[in-house]
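So the protein lines, in turn, are chains P and S. Per the numbering used here, residue 1 is the first one in the first sequence, and the count goes up by one each step. Per the numbering used here, residue 1 is the first one in the second sequence, and the count goes up by one each step.
FYI, nobody ran anything at the bench for these hints, they're computed from the structure. Glycine included, C-beta positions come from ideal geometry on N, C-alpha and C. Careful, some of the hints might be misleading.
[Unchecked claim] Taking beta-carbon pairs under 10 angstroms as the criterion, some of the chain S residues facing chain P (in silico):
| # | residue |
| --- | --- |
| 1 | A72 |
| 2 | S75 |
| 3 | L80 |
| 4 | E81 |
| 5 | P83 |
| 6 | E166 |
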Amino acid sequence: MNNLLNIEWLKIRKYPTFWIMAGMFAVLLPLWNYSINTGSMRMGGSGKNGINILDQAYAFNNVWQNLGWWSSIFVVFISVLVIIITTNEYTFKTNRQNVIDGWTRLQVLHAKWIMVLTLAIGTTLYVFITGVFFGMANDSFSNFPGDISGLFYIFVLSLNYYGFALLIAYLFKRSGIAIGIFFLYNMIIESLVRAFVNWRFDFPAGNLMPLQASDELLPFPLMEMAKTLVQTDEKITNTTYVLVSLAWVMVYYFVSRFRLLRSDW
Amino acid sequence: MDSILSINSISKSYGPIQALKNVSFSVPPGSVFGILGPNGSGKTTLLGIILDVLKADAGTYQWLGGVPPEQARRSIGSLLETPNFYHYMSAWDNLQIAASIKQRGMNDRQAALEQTGLWQRKDSKFKTYSLGMKQRLAIASTLLGNPDVLVFDEPTNGLDPAGIAEIRELIIQLNREGKTIIMASHLLDEVEKVCTHVAILKRGDLLLSGKADEVLISEDQIEISAPDIAALHTVVSAMPGIHGIKQINGALQLNCDTHISPAQINEYCIQKGILLSHLTLKKKSLESKFIELTNK
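Produce the complete structure using the sequences and hints provided.
Printed below as a string of structure tokens:
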């Protein structure tokens, strides 16, 4: 397993796109949050007169949920990176060469899944470090960590997004179409189906769709506060969303496995 | 070990196109085994199957007496169809990946690059390489770990004449060192010069396979001419050992038994009172033999 990860690292360590995409995530996530935290970007309006409703959400108890929510948008950079790295192997026919040189087809698949898992762990660690910085800048360290469940949720969410991106890459093989399908699904198709299902049935089953199941774990910050004010009735618990998200990851794994073991390359 | 590779009844189709039909043969140790056939005859498909990048519909294959296929692939060097490398990486770094997958040390890289004339350009990115250099790098990659068996699919693709000669020399040299080489090609000249064994494919059918000098027996042709061509025709058609005469442009082309020499024909004609104005021995080329076989 270590060897597979090591070889995947050899493949990407000199790939400019890897550094650009990972760098965008690493720079833009803290920069974005910094500008909200300091009030130069306001979530409740624009300009100096806008109300900033989020600048208080960087103290320890809320920082994890808050950063988690923003990270759930920024993980798209890394998802696209997963698609590019995987479809490159088809474009350069290097997946073929890896097999010719002695990997089994399963090793080719597992190498990419280990990379996905590593990227999800890396994302979580990075959000943790960012959270510690923001928390310490806004709060006393004696309140560390506060409600840190958001950090676990960002792990689940990034694993779900990256695994989904990997599956799409394996199904479509070409980076252009795969990235297109990924965005189309994420931004339009899933929203459409979810809205229809939730409108049609009493139970919000649409929330359990592949990416949405994880999105539900990290709602807009302060949403929790709003919910307690209006007394909404949650029908699906976060534990269920975590389990459903992990179940989807298993589905991506087995579909990609079936695909890779059966087809010609 | 009786054979390096044995292929048993392999079939494969792409939709309605049957790319391989029940193909079986085996590759003896120490041979240079040429898989011959025109474009689209199934050569690369067959190599793709034995290297596990394509799935056969039926049939089996066995490497090195039955070791697990991935272990066999690690211990052989293979070049299939095109040079496949990471475009943004140097030759040096690309070979590091290949060597890591093969579980070989990194020390072979320099020797492999020197042997293929790429050492000076080892740090250049793959995408800056010419077609011929890419092909050389693919060959360099097969040499990592000094494998006993090499698989080359059209190894001289994209090479200039000097490069082709170099690779041919390399193949002969590797074979001299005791390595078995399996090579697919449509370049007959290449095959004729290096192969000890051949298998000939045509539209997925195995036409024949075996030792090159047995499979590709080339009958010699003798061409003669005389001022009175009609008289010459009458005389030689009565000569024992001659079983075919064709008149081409004022000369006669004779198909004769292998023991008949030009000198014997000359002597025979003189005895019959005819003086030859032209006498040549023509080796039937592998090319004409190949066209004859694959056009049947």
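Now the hints, each set against the structure:
1. A72: 8 angstroms, holds
2. S75: Given a least distance of 8 angstroms, the restraint on S75/S holds.
3. L80: At 6 angstroms from the nearest chain P Cβ, L80/S passes the 10 angstroms test, so the hint holds.
4. E81: 8 angstroms, holds
5. P83: 9 angstroms, holds
6. E166: 23 angstroms, violated
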